[in-house]
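Chemist: Now for the letters of each chain:
Number of protein chains: 2
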Amino acid sequence: MFSRSTQFLQRLTIINSPRNLSFKQLNHIKPTINRNLAWFSGQSRKETFGGKLRRRLKNFFIVTIVGLGTFYGYRSYRRYRWFNEMSDSDKTIGAKPRVIVLGTGWGAVPLLKHIDTQKYEVVCVSPRNYFLMTPLLPSVSVGTVETRTVIESIRSLIGPRVKFVEAHCVNVDPEAKIITCSSDGEQTVSRGDDVKAILVPSRRTDGASSRIIKDSARVRPEFHMKYDILVVAIGSENNTFNTPGVEEHAHFLKELLDARRIRSAISDAFESAMTPTQTLAERKRLLHFVIVGGGPTGVEFAAELADLVREDLQIYFPHLVASDVKITLIEALDHILSMMDKKISDYTERHFHRENIEVLMNTFVKEVKQREVIIQLKDSDELKSLPCSVVVWATGIKARPLTNKLREIIGLNIQSNRMGLLTDPYLRVKGVDDGSIFALGDCATIQMPKLIDRIHSLFEEVDTEHRGALDVQQFRTLVEKKITEFPQVFK
Amino acid sequence: MFSRSTQFLQRLTIINSPRNLSFKQLNHIKPTINRNLAWFSGQSRKETFGGKLRRRLKNFFIVTIVGLGTFYGYRSYRRYRWFNEMSDSDKTIGAKPRVIVLGTGWGAVPLLKHIDTQKYEVVCVSPRNYFLMTPLLPSVSVGTVETRTVIESIRSLIGPRVKFVEAHCVNVDPEAKIITCSSDGEQTVSRGDDVKAILVPSRRTDGASSRIIKDSARVRPEFHMKYDILVVAIGSENNTFNTPGVEEHAHFLKELLDARRIRSAISDAFESAMTPTQTLAERKRLLHFVIVGGGPTGVEFAAELADLVREDLQIYFPHLVASDVKITLIEALDHILSMMDKKISDYTERHFHRENIEVLMNTFVKEVKQREVIIQLKDSDELKSLPCSVVVWATGIKARPLTNKLREIIGLNIQSNRMGLLTDPYLRVKGVDDGSIFALGDCATIQMPKLIDRIHSLFEEVDTEHRGALDVQQFRTLVEKKITEFPQVFK
Chain W
21 MFSRSTQFLQ RLTIINSPRN LSFKQLNHIK PTINRNLAWF SGQSRKETFG
71 GKLRRRLKNF FIVTIVGLGT FYGYRSYRRY RWFNEMSDSD KTIGAKPRVI
121 VLGTGWGAVP LLKHIDTQKY EVVCVSPRNY FLMTPLLPSV SVGTVETRTV
171 IESIRSLIGP RVKFVEAHCV NVDPEAKIIT CSSDGEQTVS RGDDVKAILV
221 PSRRTDGASS RIIKDSARVR PEFHMKYDIL VVAIGSENNT FNTPGVEEHA
271 HFLKELLDAR RIRSAISDAF ESAMTPTQTL AERKRLLHFV IVGGGPTGVE
321 FAAELADLVR EDLQIYFPHL VASDVKITLI EALDHILSMM DKKISDYTER
371 HFHRENIEVL MNTFVKEVKQ REVIIQLKDS DELKSLPCSV VVWATGIKAR
421 PLTNKLREII GLNIQSNRMG LLTDPYLRVK GVDDGSIFAL GDCATIQMPK
471 LIDRIHSLFE EVDTEHRGAL DVQQFRTLVE KKITEFPQVF K
Chain U
21 MFSRSTQFLQ RLTIINSPRN LSFKQLNHIK PTINRNLAWF SGQSRKETFG
71 GKLRRRLKNF FIVTIVGLGT FYGYRSYRRY RWFNEMSDSD KTIGAKPRVI
121 VLGTGWGAVP LLKHIDTQKY EVVCVSPRNY FLMTPLLPSV SVGTVETRTV
171 IESIRSLIGP RVKFVEAHCV NVDPEAKIIT CSSDGEQTVS RGDDVKAILV
221 PSRRTDGASS RIIKDSARVR PEFHMKYDIL VVAIGSENNT FNTPGVEEHA
271 HFLKELLDAR RIRSAISDAF ESAMTPTQTL AERKRLLHFV IVGGGPTGVE
321 FAAELADLVR EDLQIYFPHL VASDVKITLI EALDHILSMM DKKISDYTER
371 HFHRENIEVL MNTFVKEVKQ REVIIQLKDS DELKSLPCSV VVWATGIKAR
421 PLTNKLREII GLNIQSNRMG LLTDPYLRVK GVDDGSIFAL GDCATIQMPK
471 LIDRIHSLFE EVDTEHRGAL DVQQFRTLVE KKITEFPQVF K
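Going line by line, the protein sequences match chains W and U.
First residue of the first sequence? That's 21 in the working numbering, and the numbers climb one at a time after it.
First residue of the second sequence? That's 21 in the working numbering, and the numbers climb one at a time after it.
These are computed hints drawn from the structure, not numbers from a lab.
One thing to keep in mind: the hints can contain errors.
[As the list claims (entries may be wrong)] With beta-carbon atoms standing in for the labels, derived distance ranges:
| id | chain 1 | residue 1 | chain 2 | residue 2 | range |
| --- | --- | --- | --- | --- | --- |
| 1 | W | P316 | U | Y94 | 53 to 59 Å |
| 2 | W | K389 | U | I113 | 51 to 57 Å |
| 3 | W | L397 | U | T200 | 56 to 62 Å |
| 4 | W | I82 | U | R99 | 43 to 49 Å |
| 5 | W | K425 | U | G163 | 48 to 54 Å |
| 6 | W | K389 | U | N262 | 55 to 61 Å |
| 7 | U | G70 | W | G87 | 27 to 33 Å |
| 8 | U | G163 | W | K389 | 48 to 54 Å |
Fair warning: this is a prediction, and the values are worked out from it, not measured in the lab.
Here a beta-carbon is modelled for each residue, glycine too, at the ideal position from N, C-alpha and C.
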């Protein structure tokens, strides 16, 4: 018994330790090495099928093991580093100047990714704990793209060194350098389901689980937070131009919840149209989709909707699609995509004509009702009614309440632009003397220095010979030196 | 000019038609064939790298073209057949007996897939236009599985020959053989967003697009439909055992919307706990998740939630997970998974203990409040309060209102089972004399014929020699003949 296990151990040692390989053993494993080498160099010799399969399987096995090992090793290392960095940044709280970034959109996220967390304590405050890939929203609203693929958790984006607080900033005190975040108990955030926060008595319909749930997972007490530097990147909200009924009856296309609602409304419209006792007029109304606003959002949604109808819904509702479905795009100007090149807007109009999307140009929407849209042609007093079911409102943006509040606090004589916060070319908000507030993105407008105000000093700077005139060479010098300062003029 | 094009045409003809191949040309293409054959038979000859690459690329190109051609050809053919079958079944409406199937769940869909549409005109009526893979709901509620992967459009499942109407059946008249579907304008269906249908004034919170939209895509007039055969497969609804507060404050886990709401509530709870001014007690309450019901749904959800916390949320909320998160499972009996084998429930309890899921056995929930659950131990009068945020209620099912209505119409003396419709072993609903109503799934209970009632006739049937006694052979004959009729006895 004992001798056998010793022998076994010996054999194990010999095989496992390469230094103890005998010459005979080397000869034994040589063909294997050669074969493997041959495989790597692309040459292959005559082999039996079984041998080949065994060799391939062995190689596959080795590659899999090594790959999995590398993957898990790397993952563990990543986690270890993540936790380390997190606790490091916890320890240094208070020692570094604090930067508060408001927002998790296109303005805030690139900044958060590149800010130097060794120099600053960075806190991100936003009511939305994910980054949303807004250009894909029209695709989400028709189901081409899945909802989860267009969002990314803000915590995984910004890493362990930046703190994130899901809260709604309602006030900024530029003197005391303090932001106030509201108690959010009643407020809704478009995370996909806002019914919890609506205070109506619980009701439940026959059989379905669709209820108003008043759980208490969302309880946010008010808090204040001091900052040394504040970055406002809170974006904008939908502009209804005070058109009556838009808030109540039209869908926006700005948040994930909007896209999900539109998707469900399209499905509802088709299923309603399939109800046996539906009248023809009602069916035509149900399948009339109206998009207001011929900008990129409206045009993209109209095109996606037409694709959905033609490619997918046609299969299940061939009769409806052939006779009743109608898509109308309403634009106030005389061209859609008017901010782009004439060629692009012409092409789009022709393409929409082929796709049976009706484009109403020079048309204003006067009111949105529950089952119709009231329109008015330019240079005409006549009002016309379009019976329809789903209305998507994509006419543009306006400043959020917090932006306007901040403008008022600073002073409307300095912050005179109603579209957003005026900043200097370094994105510092105008009227904040210590330069502690920055603004970027949709909520900000850069006020470029006017060339005309400094024309005299510029001239003198370049006119080195004090001749009172510039030659070509001097003018070139002027342009080259000042292009970064006046990009709007010299580009 | 003319001669050149003739020559060109001739050359084309020669090359394109294999019959006109000259011997020289054959010699020219022979090596290619040989090489390709060699590739198929697994032999390879010494080749230059460039030649090999060219050959591989050519093969790849051919395979791609052929593959794409086959795919698109097959798709077009499928579509063509689909439309053909659809219009065929439109033409024969009224000529065949009509089968109406109520429901799109586990009972209805397999039936709809196998029913012979040549013999019957089949109509499916359900308020839900998709099939839901219910066992995956716990995974959806924690985000392991994406919502869209657990549902499948009912129209694509049942094919073009079955008509589908999204409607809510509210009444059945077994005498006139007519079903009534309600006007669905006010009713909500859990398609993912039910806010449209709730009639509260439109309100909108600062900045977010979370509004109540009253669009008019869901307008369903009431209609009646005659049937020759009715199949009731409407399933069941959640049983609250009349516990106060469950409807208002607990989440169910039965429809897709429930899963989505739970997911959003978990996220809310963690974000609320991260708010800077949150007290310790409130943080512990926010991160206390309570699951009521130790059946498969409750156990699976508890396990998924524990996985989510340990594997994913731990990265972003390490301090919270380490100290404050708590999961409690409440079960009224003395074991969880009590309907399964003792070994399974023991293993689950041990595993939950390791996973830090607290299991409260022999405990009844007396009331669910917005921030707490009131529990009572068996054999005790003392009430105890568990402060918590998200409560998931998974205690079992009960009959839907339509099931009970149908039971009343037929007569409660025949339909005496409160769990659902009593049927005979052929799934015919008891008390419907012409056998025109069938029921299956959660809404039905099969009433097996009682062996004791027919013991006399059975005995006489087998006792061929009228001895008044059975030998082993005769008893075996009895079992073999009657096993299909009395599966509950002879299995």
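Chemist: If a hint holds in the structure, say so; if it does not, say that too.
Modeler: Status of the hints after comparison with the structure:
1. W:P316 with U:Y94: 53 to 59 Å: Check failed, 37 Å falls outside 53 to 59 Å.
2. W:K389 with U:I113: 51 to 57 Å: Once the Cβ atoms are compared, 37 Å apart, the range 51 to 57 Å for U:I113 and W:K389 is violated.
3. W:L397 with U:T200: 56 to 62 Å: At roughly 46 Å between Cβ atoms, U:T200 and W:L397 fall outside 56 to 62 Å, so the hint is violated.
4. W:I82 with U:R99: 43 to 49 Å: holds (47 Å)
5. W:K425 with U:G163: 48 to 54 Å: violated (36 Å)
6. W:K389 with U:N262: 55 to 61 Å: violated (43 Å)
7. U:G70 with W:G87: 27 to 33 Å: holds (31 Å)
8. U:G163 with W:K389: 48 to 54 Å: violated (39 Å)
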